[in-house]
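Residue numbers (full-length UniProt numbering), protein chains in the order written: chain A, 1 to 293; chain B, 1 to 337.
I should point out that these hints are in silico values taken from the structure, not numbers from a laboratory.
Fair warning: there could be bad hints in the mix.
Stated by the list, open to error - In silico DSS-like cross-links for lysine-lysine, where the CA-CA straight-line distance does not exceed 30 Å:
1) K175/A with K101/A
2) K101/A with K44/B
3) K140/A with K237/B
4) K49/B with K163/A
5) K21/A with K123/B
6) K273/B with K123/B
7) K211/A with K76/A
8) K101/A with K201/B
9) K237/B with K211/A
10) K278/B with K137/A
11) K86/A with K201/B
12) K248/A with K278/B
13) K278/B with K21/A
14) K163/A with K86/A
15) K123/B with K220/A
16) K157/B with K137/A
17) K248/B with K21/A
18) K11/B with K163/A
19) K123/B with K248/B
20) K11/B with K137/A
21) K49/B with K101/A
22) K21/A with K11/B
23) K71/A with K101/A
24) K86/A with K44/B
25) K220/A with K308/B
26) K220/A with K237/B
27) K44/B with K175/A
28) K123/B with K211/A
29) K101/A with K73/B
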Amino acid sequence: MDRILFGDNQFFAVNHISDEKSMAQSIRFKSDQAIIHTLDQAMEFGINTFMCTTHDRIANICEIIRENPSKYSDFKIYPCMPYAHKYANAVTDLGVAGALKQYVPGNFFGSLFKGGVAYLSKDYESIMELLIDAEMKMFKGLNTPVIFLQNVITDLLLGLGMKDIFVAFHQYVSKKYNAEAGFITMNMPALLDMLESAGIRNPIICASINKAGFRMSGGKELYEQTLNTRTFRAIAMQVLAGGAVSPKEAIQYVCSLPNIQSILFGASSRGNIKDTASFIRSYDEMYQKVDKI
Amino acid sequence: MIKVGLIGAGKMGISHLAILGAHPDVEISGVCDTSKMVLDVLEKYSSFKCYTDYRKMISERRPDAVVVAVPTKMHAAMVRELLEQGIHVFVEKPFCLHPSEAEPLITLAKQKNLVNQVGYHNKWVGTFAEVKRLLSRNAIGEIYHFHGQAYGPVVVKQKQDTWRSSPDEGGGCLMDYASHVIDLINYLISPVQSVPSSMLKSVFSRSVEDAVFAMLKLSNGVSGVLSVNWSDETYRKMTTSVQINGRKGKIVSDANELKVFFNDGECPQGYSKGWNVKYVTDLTPQVDFYLRGEEYTAQMDHFISAVKGDAGTGINTFESASHTDRAIDLIRKAQFS
Chain A
1 MDRILFGDNQ FFAVNHISDE KSMAQSIRFK SDQAIIHTLD QAMEFGINTF MCTTHDRIAN
61 ICEIIRENPS KYSDFKIYPC MPYAHKYANA VTDLGVAGAL KQYVPGNFFG SLFKGGVAYL
121 SKDYESIMEL LIDAEMKMFK GLNTPVIFLQ NVITDLLLGL GMKDIFVAFH QYVSKKYNAE
181 AGFITMNMPA LLDMLESAGI RNPIICASIN KAGFRMSGGK ELYEQTLNTR TFRAIAMQVL
241 AGGAVSPKEA IQYVCSLPNI QSILFGASSR GNIKDTASFI RSYDEMYQKV DKI
Chain B
1 MIKVGLIGAG KMGISHLAIL GAHPDVEISG VCDTSKMVLD VLEKYSSFKC YTDYRKMISE
61 RRPDAVVVAV PTKMHAAMVR ELLEQGIHVF VEKPFCLHPS EAEPLITLAK QKNLVNQVGY
121 HNKWVGTFAE VKRLLSRNAI GEIYHFHGQA YGPVVVKQKQ DTWRSSPDEG GGCLMDYASH
181 VIDLINYLIS PVQSVPSSML KSVFSRSVED AVFAMLKLSN GVSGVLSVNW SDETYRKMTT
241 SVQINGRKGK IVSDANELKV FFNDGECPQG YSKGWNVKYV TDLTPQVDFY LRGEEYTAQM
301 DHFISAVKGD AGTGINTFES ASHTDRAIDL IRKAQFS
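Work out the full structure: start from the sequences and follow the hints.
Next comes the structure, spelled out in C-alpha cells:
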C-alpha cells in the first residue's frame, strides 16, 4: 500500500463537523470534471491511490479513468463498499427484504434460484457475493488491489459477532478480484481481536486514529498499545479529528506512531493537498531519522 | 450481567442488537422477529437464540430487560405485557400510536419501579446536550421563538408500500421523522401545548405525508415553527437542526455544529460576545463501541446503567415520550385545509 491514500468524503458532501460545508462541497463537486480535476491535483503531489465509496457517481469517474489509460497507468483504486446510506434509506423505506430485492442484481429470487437456490440452501454467502459483484461492476478493468468493507457494516457484524462473514468477504475478494480485503472500523482493537480469532492474519484495518482520541472506541491508549504490540496493517483515517487538531500537529502525531502503513485524507483544494502531503513526507523523514539513531 | 432480549430485528433492532452484543455488561438472551430470512441469518452467523414468538422467548429466557423495535402500532400492547411481567423496557420511538395508550403504561412502570426508556437518541448528541446546558442556565435570555427542522432523502420517488407508508401502523413523516424534532423541542425548551395550524403534504407517498409544517405553542408560552421533509434529496442523510432566538442571543445547532451568538459580553464560561462555534467532536464523550453515532451507544449505556440501578434521573422516559405522542396527535388534528 502507498503511504498516502486520497479519500472521497469531500466529493460527496460528507463533512463530520458542518452541514453547511457539506452543502458547499456538494455544489462545488457537482460535475465529475471537478472531481477528476482534484484527483489530478493529488497525482501532481505523488498521490496515486484513491480510496472511494461505491457511490453511483464513482462509476462516471471510473469511466474517465478507463478512457485515459496512459495518464492513469499507475493509478490504484481502493473501493469501499457498500455505500451505506443508499441501503439504509432503502431499508427505512422498504424493509430488509424489500431493500435486498431492490439491490441484489437482476430479479432477486430469480438470481437466487439461478445461483444455486441460495435462500433454500441458506447459502447467504452467495447473496453477499452477488452484492459485492454489483458494487464492483463499476471498477471493471481498473486496478483495485484492496477492497474494503465500510465501517457501518464492519462494526455491525462485529457487534453481532458474525466473524464468518468477515472470513467469507476476505476469501471472496481474493478469489474473484485477486485483491486483499480491508476493513474500515471505529472499533479497531475489538475488530482486530475478532479477525484474529477468525484466522485472518495480518489484516488491513482502516480506523479513526488521531491526536484528539476522536472516534477511537476503547480509548487512545488502547489504540496506541494495539499499534505497538500487534501484527496488522493499519491505515489512519480522520487524522484531523474533524478539525479538532491543527493539520501539522495532527500529521505529526500519526507519523510518530508505529505500524501505520498508510494515511488516508481528503481535501478539496490544491493548497491543502500539497500541505498535507508535505507534512506527511517531512514528519516521516524526521521519525525515520530518529529510528536510525 | 444484565440479560436483554430483542423484539423486532429490523433496521433499528439490528443496530441495537449489535450495540448490546458489544456491551460488556450485557448477555443477549434472545432475539425475536417474524422475518424468516433475518432469523435464518442470525441463527447461521451469530450465537443468539432466535424466536418467532416473543412470549416463548420471554418465558424460556426470562430476560431482565427487553428492547422493543417493532412497528409503532404494536408498542402499547407489547410494552404492557412486558411491564406486567416485571421486565424493564426500552422501546423505539415514537412511543404509542394513540396518545391515550401512554398513561396506563407510565403508571404501570412507576408502580412496578421498572426502567422505561424510548429511543429518542438526539439527547445524547453532544451539540444538542450543550444547547440544553446553555438553556438551563438561561444563557440567551428569554426565548421568544424557535425553528425546528429535519430534512432527508427517505422517500424520493414512488415506491411499493410497507408499514411505514400506512398511517394506521405508525408510518409517515410525522411519526417517523418529525417526532425526533418535536421531542427535541419538548426537551430543550418546553413540551408542546397546542398547535394553531399545520400542513401535512404528500410528495411521493400515496397514503401518508412526506412533509410536515406546523406552528407550535409550548407550555411555557413560547411559540415557533416546525418544518420537516423526508423527501428532500438535497440532503445525504437525516439532518436535524434547531434555531432558538432569545432576547440576549441566538442558538443555531445541528448534530455536528453548534453556533451561539451573544448580544453582549455577559455569557457563560468558554463563550464570548458575538458568534461562537463549537463542534460535536469537542462536545461528545467517547463510547466503548461505536456504530452509526456515539448517541446510539450512549442511550443504550444509559438504559443498561438504569437497569443496574446506577443511572440517575431517567432520560427519555415513557412520560417524556408521551408528550411527543400528544404533540403528533395535535399536529394531525390542526391541519389547515
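Comparing the hints with the structure gives:
1. K175/A with K101/A: 26 Å, holds
2. K101/A with K44/B: 21 Å, holds
3. K140/A with K237/B: 29 Å, holds
4. K49/B with K163/A: 17 Å, holds
5. K21/A with K123/B: Distance of about 24 Å is within 30 Å: holds.
6. K273/B with K123/B: Roughly 27 Å between the alpha carbons, so the hint for K273/B and K123/B holds.
7. K211/A with K76/A: Holds, at about 28 Å.
8. K101/A with K201/B: 28 Å, holds
9. K237/B with K211/A: The given pair, whose Cα atoms are some 28 Å apart, holds under the 30 Å limit.
10. K278/B with K137/A: 41 Å, violated
11. K86/A with K201/B: 24 Å, holds
12. K248/A with K278/B: Distance ~21 Å between K248/A and K278/B Cα, so the pair holds.
13. K278/B with K21/A: Roughly 14 Å between the alpha carbons, so the hint for K278/B and K21/A holds.
14. K163/A with K86/A: Within the cut-off at roughly 24 Å; holds.
15. K123/B with K220/A: OK: K123/B and K220/A at ~25 Å, within 30 Å.
16. K157/B with K137/A: 25 Å, holds
17. K248/B with K21/A: 27 Å, holds
18. K11/B with K163/A: 20 Å, holds
19. K123/B with K248/B: 24 Å, holds
20. K11/B with K137/A: 27 Å, holds
21. K49/B with K101/A: 26 Å, holds
22. K21/A with K11/B: 29 Å, holds
23. K71/A with K101/A: 39 Å, violated
24. K86/A with K44/B: Judged against 30 Å, a Cα distance of about 26 Å means the pair holds.
25. K220/A with K308/B: It holds: about 27 Å lies between the C-alpha atoms, which stays within 30 Å.
26. K220/A with K237/B: Given that 30 Å is the threshold and the Cα spacing comes to 29 Å, the pair holds.
27. K44/B with K175/A: Cα-Cα ~23 Å, so holds.
28. K123/B with K211/A: 27 Å, holds
29. K101/A with K73/B: 26 Å, holds
The structure does not agree with the numbered hints 10, 23 stated previously, though it agrees with the rest.
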